[in-house]
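Peer 1: In order, the protein sequence lines correspond to chains A and B. Whatever position you read off the first sequence (first residue = 1), add 108 for the working numbering. Whatever position you read off the second sequence (first residue = 1), add 108 for the working numbering.
Derived by calculation from the structure, the hints in this document are not laboratory data. We put the CB at the ideal spot given by N, CA and C, even for glycine. Treat the hints with care, since some could be wrong.
[As the list claims (entries may be wrong)] Below, in silico cross-link-like pairs of lysine-lysine (BS3-like), each with a Cα-Cα straight-line distance of 27 Å or less: (1) 110/A x 442/B; (2) 467/B x 442/B; (3) 166/A x 194/A; (4) 442/B x 195/A; (5) 195/A x 467/B; (6) 407/A x 450/B; (7) 194/A x 195/B; (8) 450/B x 450/A; (9) 396/A x 407/B; (10) 110/B x 407/A; (11) 223/A x 467/B; (12) 166/A x 195/A; (13) 407/A x 194/B; (14) 442/A x 312/A; (15) 194/A x 442/B; (16) 195/A x 194/B; (17) 450/B x 396/A; (18) 467/B x 396/A; (19) 467/A x 195/B; (20) 194/A x 450/B; (21) 194/A x 407/B; (22) 407/A x 195/B; (23) 442/A x 467/A; (24) 114/A x 407/B; (25) 194/B x 442/A; (26) 195/A x 450/B.
[Claimed, not checked] Have a look at the derived ranges for each label pair, beta carbon to beta carbon: (27) 262/A x 164/B: 40 to 48 Å; (28) 450/B x 315/A: 54 to 62 Å; (29) 315/A x 370/B: 48 to 56 Å.
Okay, here's what each chain looks like letter by letter:
There are 2 protein chains.
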Amino acid sequence: MKFSIKRSAFIQSLNTVSRAISSKTTIPILTGIKITADAEGLILTGSNADISIETQIKTDNPDNELEITEPGSIVLTAGFFVNIVKKLPDTTMQLTVGNDLQATITSGQSEFTIKGLSASNYPHLPEIDTDDSVTFSGDIFKEIISQTVIAVSTQESRPILTGVHFVLKDGQLLAVATDSHRLSQRVINFSGSDREYNFIIPGKSLSELSRMIEDHQELQMRIAENQVLFIFGDTYFYSRLLEGNYPDTSRLIPEESNTRIQLEAPVLLASIERASLLSHASRNNVVKLTIDPNNAMIKLTGDSPDVGTVEEELEPESVDGDALEISFNPDYVKDALRSFGKTMIQISFSSALRPFTLKPTEDGDSFIQLVTPVRTF
Amino acid sequence: MKFSIKRSAFIQSLNTVSRAISSKTTIPILTGIKITADAEGLILTGSNADISIETQIKTDNPDNELEITEPGSIVLTAGFFVNIVKKLPDTTMQLTVGNDLQATITSGQSEFTIKGLSASNYPHLPEIDTDDSVTFSGDIFKEIISQTVIAVSTQESRPILTGVHFVLKDGQLLAVATDSHRLSQRVINFSGSDREYNFIIPGKSLSELSRMIEDHQELQMRIAENQVLFIFGDTYFYSRLLEGNYPDTSRLIPEESNTRIQLEAPVLLASIERASLLSHASRNNVVKLTIDPNNAMIKLTGDSPDVGTVEEELEPESVDGDALEISFNPDYVKDALRSFGKTMIQISFSSALRPFTLKPTEDGDSFIQLVTPVRTF
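Work out the full structure: start from the sequences and follow the hints.
Peer 2: Below you can see the structure in the form of structure tokens.
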């Protein structure tokens, strides 16, 4: 194998596939990046147990300044090789691999020779032999990820809850996640496919995918039995799917409420951030919300026996229904509030012990955050 | 105690004294900031075993919007109190302390009550009862610190080497540090004092001081038996001095050389950074420099049996003297090269086993970095 390439283009693609590579893997060849050169260009591959990323650098794109003199393939240790490429002196570089798996990297007056591994020992990527694909706007898919992935469980005791559940049917895409203390659900109208889909993608895969999608990029999705493939730009992103049945979450969302407040998400967020300074110093991380509809006032209080107390008064846009005192983990509510950006929201409570919901005041059924309160008496 | 203050001014001063406070201290009261209010303003104090910082916020500076209603003092847990002040909603805040050492912090609709400690239990700062003071340009003092502190030892086995040795006499200030593998020395002409001074300041204190001095700020220094005080702006910075005799370093610097090269510091730095990617993967972190005066060429090589080899050719500005092969720890030379910025330097070697020096080509006696080579045969 022998090629020369513009270093900045190579670095960008190396960074892309590096996202799938963990230095902690127990399979030595997976600490490497597989590089394959053929007539069309280079294919770079990185992989771990959960996700695999493949990206192409094409010869027919003049920005890449890619010239392939001899096709071939090799696996080079990711961290080490990427650091070398980043620090080379010239704007271009050459990579040459002989029969002995020695890779020689030259750029300007600098020459590195490093040992590679045979690409024939690199595991095969999953095969997704369906032509059925669904196309999303990358921007909307990133928004759905950011709104739901916060409620994904980080506990491996119920593995199914470490993913986001997607259901595509009847012209709608529903995404929902819950760690059993809180729930996030987003629904969008979707007309791109007549087939029904029902699958669970690990939260970690979605977070990684979300960082890679550029603004206004189109995203093609293909589903196989236990794998999903996302295609965007010159990149293929594979993730395993979680197996099993996701719990029925629809019955968790209360339909009625006895107390409702409306206010801007950032106002309540700032108050809860202050109150949680104190609750974090306490063993039980709890703040209390007191709603007084008669005086159109709400109050947030926290106390930590060792440190002190905090009291915050807020004037919401509107308050109606019954008076209520309710306690909750402020971190759950902070995560939920951040997902609304700067919008006006409605929070609906049924009682001090029942879950409460946060929704945007406008278009309230498309997006719901639900939080279970904490019993303090 | 009772006062109101502009929050941004308060935060700035709290950040200043927080630099001295370690949450790891075994003396509980030193996790706190001492706040004293009197007619002139507030005095904030933070301290650990090595350094103490005191800063004043004056009522007569209208930018502070400081109004003291009742004098007094208290000690409040630093991390916690500073976080609260940073997150308060309004541009101003009030602090009120009753007889029970409860501090009430209010701002907008937010009210915190936290427990304080009695200021009478806070340790006294060192007394420096000399009027003898020396004045420096803060910019130059920061430069001296950055050029010497790199060679300070991080090993506690010889505590004296964890400091920078300052000698002020005959119209010159000399600063020198060595960890016995390398040495950094800076000399400046100085006409501010007729007295002779000879003292050792811990490297950590100097690094902290350096971050606090603003550009173009004047720095006043007072020395007592085992303490030094730096005064700049409204801030007093105290550090303990290291006790003992600093080794005589003047005889370590070779006066003659057999091989000399001249080149721009950043060019060699970039080469050594690349070469050290490989040496860091090896058990003995060493790179080799080959100097060939006949071809006006130098070559840098590194190899790691497990990973590979690197070879870098450089064309220096000039080469003269004997041919030489010399090996060294690249990290020491990287630190030294960075201290020269973008200037042209001369590196002078006497033999493969003797220390070599790096100096600026112009004004070469004012600034020397010295590195001991590594024996590889």
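Peer 1: For every hint, state whether the structure bears it out.
Peer 2: Each hint, compared with the structure:
1. For the hint pairing residue 110/A with residue 442/B, the CA-to-CA distance comes to about 33 Å; that exceeds 27 Å, so the pair is violated.
2. At most 27 Å may separate the alpha-carbon atoms for a hinted pair to count; residue 467/B and residue 442/B meet this at roughly 14 Å.
3. Distance check on the hinted pair: residue 166/A and residue 194/A sit about 20 Å apart at the alpha-carbon level, within 27 Å; holds.
4. At roughly 14 Å between alpha-carbon atoms, residue 442/B and residue 195/A fall within 27 Å of each other, so this suggested pair holds.
5. Between residue 195/A and residue 467/B the alpha-carbon distance is near 26 Å, which keeps this suggested pair within the 27 Å criterion.
6. Pair hint residue 407/A plus residue 450/B does not hold up; C-alpha atoms about 59 Å apart against a cutoff of 27 Å.
7. This hinted pair does not check out: residue 194/A and residue 195/B have alpha carbons roughly 40 Å apart, beyond 27 Å.
8. Of the supplied pair hints, the one linking residue 450/B and residue 450/A is violated, its CA atoms being roughly 47 Å apart against a limit of 27 Å.
9. Using a Cα cut-off of 27 Å, the hinted pair residue 396/A and residue 407/B is violated, with the two alpha carbons roughly 69 Å apart.
10. The straight-line distance between the Cα atoms of residue 110/B and residue 407/A is roughly 25 Å, inside the 27 Å bound, and the hint therefore holds.
11. For the given pair, residue 223/A sits about 38 Å from residue 467/B by alpha-carbon distance, which is inconsistent with the 27 Å threshold.
12. For the proposed pair residue 166/A and residue 195/A, the alpha carbon gap of about 23 Å is at most 27 Å, so the pair holds.
13. The hinted pair formed by residue 407/A and residue 194/B meets the criterion: a straight-line CA distance of about 21 Å does not exceed 27 Å.
14. Of the pairs offered as hints, the one joining residue 442/A and residue 312/A holds, with about 20 Å between alpha carbons and a cut-off of 27 Å not exceeded.
15. For the given pair, residue 194/A sits about 18 Å from residue 442/B by alpha-carbon distance, which is consistent with the 27 Å threshold.
16. Between residue 195/A and residue 194/B, the direct Cα distance comes to roughly 40 Å. Violation of the 27 Å bound is thereby established for this hinted pair.
17. Distance check on the hinted pair: residue 450/B and residue 396/A sit about 58 Å apart at the alpha-carbon level, beyond 27 Å; violated.
18. With a C-alpha separation of about 65 Å, the suggested pair residue 467/B and residue 396/A falls outside the 27 Å cut-off, and the hint is violated.
19. Among the hinted pairs, residue 467/A with residue 195/B is consistent with the structure: their alpha-carbon atoms are about 26 Å apart, no more than 27 Å.
20. Between residue 194/A and residue 450/B, the direct Cα distance comes to roughly 21 Å. Compliance with the 27 Å bound is thereby established for this hinted pair.
21. Using a Cα cut-off of 27 Å, the hinted pair residue 194/A and residue 407/B holds, with the two alpha carbons roughly 21 Å apart.
22. Note on residue 407/A and residue 195/B: the hinted pairing holds, with a Cα-Cα distance of about 17 Å set against a maximum of 27 Å.
23. Between the alpha carbons of residue 442/A and residue 467/A the distance comes to roughly 14 Å, so the proposed pair stays at or under 27 Å and holds.
24. As the CA atoms of residue 114/A and residue 407/B are separated by approximately 25 Å, the hinted pair is consistent with the 27 Å bound.
25. Under the criterion of a C-alpha separation no larger than 27 Å, the hint pairing residue 194/B with residue 442/A is consistent with the structure, at around 18 Å.
26. Of the pairs offered as hints, the one joining residue 195/A and residue 450/B holds, with about 18 Å between alpha carbons and a cut-off of 27 Å not exceeded.
27. At about 47 Å, the beta-carbon gap between residue 262/A and residue 164/B stays in the expected band of 40 to 48 Å.
28. About 41 Å separates the C-beta atoms of residue 450/B and residue 315/A, a value inconsistent with the hinted range of 54 to 62 Å.
29. Between residue 315/A and residue 370/B the C-beta distance comes to about 51 Å, which sits within the given range of 48 to 56 Å.
In this structure, the hints that do not hold are numbers 1, 6, 7, 8, 9, 11, 16, 17, 18, 28, in rising order.
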